[in-house]
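In the order they appear, the protein sequences are chains P and S. Number 561 in this note's numbering belongs to position 561 of the first sequence; there are no gaps in the numbering. Number 66 in this note's numbering belongs to position 66 of the second sequence; there are no gaps in the numbering.
Derived by calculation from the structure, the hints in this document are not laboratory data. Careful, some of the hints might be misleading.
Since the list gives no way to pick one copy over another, a pair counts as held whenever it fits inside one copy or between any two copies.
Stated by the list, open to error - Straight-line alpha carbon distances no greater than 20 angstroms define the calculated EDC-like cross-link-like pairs of lysine to aspartate or glutamate that follow:
(1) Lys325 - Asp617
(2) Lys553 - Glu298
(3) Lys465 - Asp28
(4) Lys128 - Asp424
(5) Lys128 - Glu468
(6) Lys465 - Glu587
(7) Lys128 - Glu580
(8) Lys308 - Glu571
(9) Lys308 - Asp531
(10) Lys325 - Asp516
There are 2 protein chains.
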Amino acid sequence: MQFHHQGYVSGDPRVLPAAGEGIDRPADLPDEVDVLVVGSGPAGMLLAAQLSQYPDIRTRVVEQRAGRLVLGQADGIQPRSVETFQAFGFAERIVAEAYNIAYMNFWGPDPENPQNIVRTSRTEDYAKHIGEFPHLIVNQARVLDYFAEAAANGPGRIVPDYGVEFTGLTVHEEGEHPVEVRLRYVAGPRKGEERTVQAKYVAGGDGAKSRVRDAIGRKHLGEFARHAWGVMDVTVNTDFPDWRIKCAINAEAGNILHIPREGGYLCRMYIDLGPVADDDNHRVRETPIDAIIAKANEILHPYTIEVKQVAWSSVYEVGHRVTDKFDDVPEGSDRTPRVFLMGDACHTHSAKAGQGMNVSMQDGFNLGWKLGSVLTGRSPESLLATYSAERQPVAQELIDFDREWSQLMARKPEEFESPQELADFYVRTSDFPSGFLTQYTPSMITGEAVHQELAAGFPIGRRFKSAEVVRVCDGNVVHLGHHARADGRWRIYAFADAAAAGEASALDSWAQWMQDAPNSPIARFTPQDADVDAVFDVKVVYQQTYDEVEFAKVPPLFRPQTGPLGLTDWEKVYAAGPGEDIFEARELSRSGVVVVVRPDQYVAHVLPPEQTDALADFFAGVMIPVPSPANARSGAPKTAATS
Amino acid sequence: MQFHHQGYVSGDPRVLPAAGEGIDRPADLPDEVDVLVVGSGPAGMLLAAQLSQYPDIRTRVVEQRAGRLVLGQADGIQPRSVETFQAFGFAERIVAEAYNIAYMNFWGPDPENPQNIVRTSRTEDYAKHIGEFPHLIVNQARVLDYFAEAAANGPGRIVPDYGVEFTGLTVHEEGEHPVEVRLRYVAGPRKGEERTVQAKYVAGGDGAKSRVRDAIGRKHLGEFARHAWGVMDVTVNTDFPDWRIKCAINAEAGNILHIPREGGYLCRMYIDLGPVADDDNHRVRETPIDAIIAKANEILHPYTIEVKQVAWSSVYEVGHRVTDKFDDVPEGSDRTPRVFLMGDACHTHSAKAGQGMNVSMQDGFNLGWKLGSVLTGRSPESLLATYSAERQPVAQELIDFDREWSQLMARKPEEFESPQELADFYVRTSDFPSGFLTQYTPSMITGEAVHQELAAGFPIGRRFKSAEVVRVCDGNVVHLGHHARADGRWRIYAFADAAAAGEASALDSWAQWMQDAPNSPIARFTPQDADVDAVFDVKVVYQQTYDEVEFAKVPPLFRPQTGPLGLTDWEKVYAAGPGEDIFEARELSRSGVVVVVRPDQYVAHVLPPEQTDALADFFAGVMIPVPSPANARSGAPKTAATS
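Bound conformation, chain P alone:
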């Protein structure tokens, strides 16, 4: 965590100084906004936290509910989400608070007494071997609290406008704020009032019954619900020995997905209520809680639960649907998208793979920096078309995965070839639910994998998988990727060739080009009055051990002097670790390689250090040069160190 950079900070360093719109932010919704977020769910609140890092953008979040979420909804937190929390600064707190999944156990009918269940397998949770982040269970309400805190503590000081319902919108063809949004106050002193807000962009994260989706005429496609599940958050006393372990139970009497929750007592149970008749007309949703509990006891036989408190319960019918496109641009048109869909507004499915909240958050993460870049003039509006292009296929994959998983979960025991089949599926497919299989295809922000072999462990289009390195300035073993905060900056990691700092090398030439060449991304795209690392955060990793790297001989690019005091940044220079060697762990070329990472942590490009033109070309396609002189930063950037 870096702070004191703009002067001494006495209080909580997680509270950043207010700036721009965050200074004297009006409590009341203004008539014109840059971004209007509809809905304060996981996608919407991540987006708010992200845009709070762009304080010159006027962002508001409208939420129909009168206040924060209190109960229910999602609770599965995949490792990729914890990685994301890390970038927003609250991973360690939520890990301390959540249930950590160590095992998933499977139960089936006892072959000798089929009306009884027995444990058929214990499976280590996939997160144990997949990376440094755990697989958690914690109520969505708390995830939203943490994002709300990050949004409120960011320079933009964003807080949701509660009690405001979205009723419709019209996208006009002209104007600075072409989206006319109709709203109604449904709580608070202005309750009943209707009003209109003009927005540059609207992000709809308003749930499965999204009215934003309806307003832009998008269709939610896919199968109708055919199967009902009861869900309840309960505290109980029980003789079921796996009450505190995640379990899939496939009994003669039906199925349960059992999820222990944060705090040591509470659990969530998904209880199979069976197929829904065609003419049911949602009557199944009126199943009383007592019937759900009775069904759970039937399935758990010979074990029983004695329910002490039902914190929340619901009945839902599983559908698998995905929206055809995640923005308002008609197929074939290339106009700028003005309205986006995120989360359940564009993909709905069963809750049982624990994916919904996670994929939704990644929608928000994908959209946030793009809106930020466009609205601050860093990138062309065409960047916004990549949102739907990237996220719609991910949602489709999710739907396919969840359909398979939930069909397996709803099977009768005799439909399995072996009791191991469900456990095998769980382990075999673990990369997907971890959130690490998302693979973006080549586009203006994802390079072609021409030089992928130079960094085989950082696949282009996948999220940057961190590894341990040693920070040269203080000898601490740290995760290279954890230094990257969700601040909208691009990361460029220069993995050095074999020469030591101070010797002529490919790295040295590359660094000099980055710092001095008129066509380097820094010169072309960093505003003249901004810090040299305001847009590109460039770091180096040497092959030598940390004590062999002489800091003073490292190219000045990697030790810039920034901020109002022009202080040297000591945290951009790293060395391969004595334990995990990142060059081996990530199969990095010993001749040096440059890895470009997007603000949402996805690897955008892998290039040899010699191919500076290719690097320049890549960014020329993503970014808008700063006002002339285009190479204003050539020579020495305002606050860069000179050697």
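Given chain P, put chain S in place with the hints provided.
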């Protein structure tokens, strides 16, 4: 972290429900209080956080300053303190925020150019090998913030009364509230007003110039200052390569202790200003900051620092003094102590071993549960005499250690036998500054080491050194000691003999005795209307692996049903780990052993499970039986599980 135990908690689980005095706690200082804490430093604020766990005790903290500490003061956080933070629930946050010490480097004169300094040694910080907690640097202000949060979020809802100065006290011989404390408002609307508050007990944490100490006539004994140091918190640009590593620099021109600080830029430097003449009369304290910076540059030669911001600076003279006794009871008397001294009020020394704040916090931790136990009627008043008896010798050891260390630090280079001498001392003595060498001697709360060989790794009188175990209910690898919160409860760890759960065993007999015998500590000392684990938190660790332990066969003692809902507590049953086996790591008897741990985490006793009488006798000396029937809990405690 356990919660949802009293019903579903939607918000931050770190905010406990208000209770007792915490409900409608008056903003204004009342006329009568149970405990008056004077000073909101590390000892005082830990004490406040601890007493907030006893909401039936009326605790107030008066602080002369008008608000929270903003700048300066201590910054070294020893591993024992991080362990303590863990018990108060904020370790992971402060670790994320602080500077983590990986190395300490040593610099001396270049033999060839003695006016230049060169690095003579790199030493791994002792914390790296001493346990699971790091060695940190972070401003005292932040430590106080975290304790203030814990105090405010505890059931007692304690917040300091700022702007209130202590002017004197009188201990009367009679009355419920025998300490008459004189106070003056020095800030806020009542500024200038004087008033009197009657207290049962007063804890003086009011610093080196303690007026509480003066008021009870205690003497601060030891040598006068003979040596002056300048100290400054600065951001700089520099070519000194170890700016971000803790260093001891012994140059021809003088000495510097260099401490990197949180946030990546700021450092603290202690700069040797040399011996102070007898007739100096504190003039050295007026040394201007420019002279201190000039001196630093002289010492750092050939390197230089260009200071960009001085966040804080001071000049102090090193004295080593300790108060003869830490309470108001005259030597030889056995009356109940009414006034206690903590922290700098009773031990002052150099800042350079980074000990002051740490030892002060342990003063508060030692005193807190004792006041809590006496004021809630659990323990006799005689317990309070152990505070001075235990902490005064610790302070004396600290003074002795710091005198040696600061004399070494102030030596001229030619006075060392070898450049390694200082580094060797640092490594050799590392247990002490970690905070882990404190050893309490036998007393009413520290048993005789008659059976120490049954648990050699848990020395009686030392702090309980946690080790990894597997939680049976969910298979998570956890640290046994980290489950223990600073909630005033005693911990009793029963390490099982070789038999499995459900088989007849020494453990089983012991558990039955604990649960059913009229002379068991639970029966004698746990209030009838309280949870069975309200006073004694009893846990078991089996030798088998976690999946071999059948939860339902574990004695009911270890799976009690508690709280308003009578919910089973699943987190008292553990198994030896597949990685670290606690039985090996802590040299525990395979025939079973019972380890008793005090509320402040010190090992109180080690006994074989068969010696139930010895266990009963031990607690009979510390605690007061609950109102008759003394064995009200014999048979089944109100909410205990029955097998």
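Here is what the structure says about each hint:
1. Lys325 - Asp617: neither (29 angstroms within a copy, 75 angstroms between copies)
2. Lys553 - Glu298: neither (71 angstroms within a copy, 24 angstroms between copies)
3. Lys465 - Asp28: neither (41 angstroms within a copy, 54 angstroms between copies)
4. Lys128 - Asp424: Within. Shortest intra-copy distance 16 angstroms satisfies the 20 angstroms Cα cut-off; inter-copy 40 angstroms does not.
5. Lys128 - Glu468: both (17 angstroms within a copy, 17 angstroms between copies)
6. Lys465 - Glu587: within (12 angstroms within a copy, 40 angstroms between copies)
7. Lys128 - Glu580: both (17 angstroms within a copy, 17 angstroms between copies)
8. Lys308 - Glu571: This pair counts as between: shortest inter-copy Cα distance 18 angstroms, intra-copy 52 angstroms.
9. Lys308 - Asp531: Answer is between: at 17 angstroms across copies they meet the 20 angstroms cutoff, but 58 angstroms inside does not.
10. Lys325 - Asp516: Classified as neither: same-chain Cα gap 43 angstroms, cross-chain 67 angstroms, threshold 20 angstroms.
The structure fails to meet hints 1, 2, 3 and 10 from the earlier list, while all remaining hints are met.
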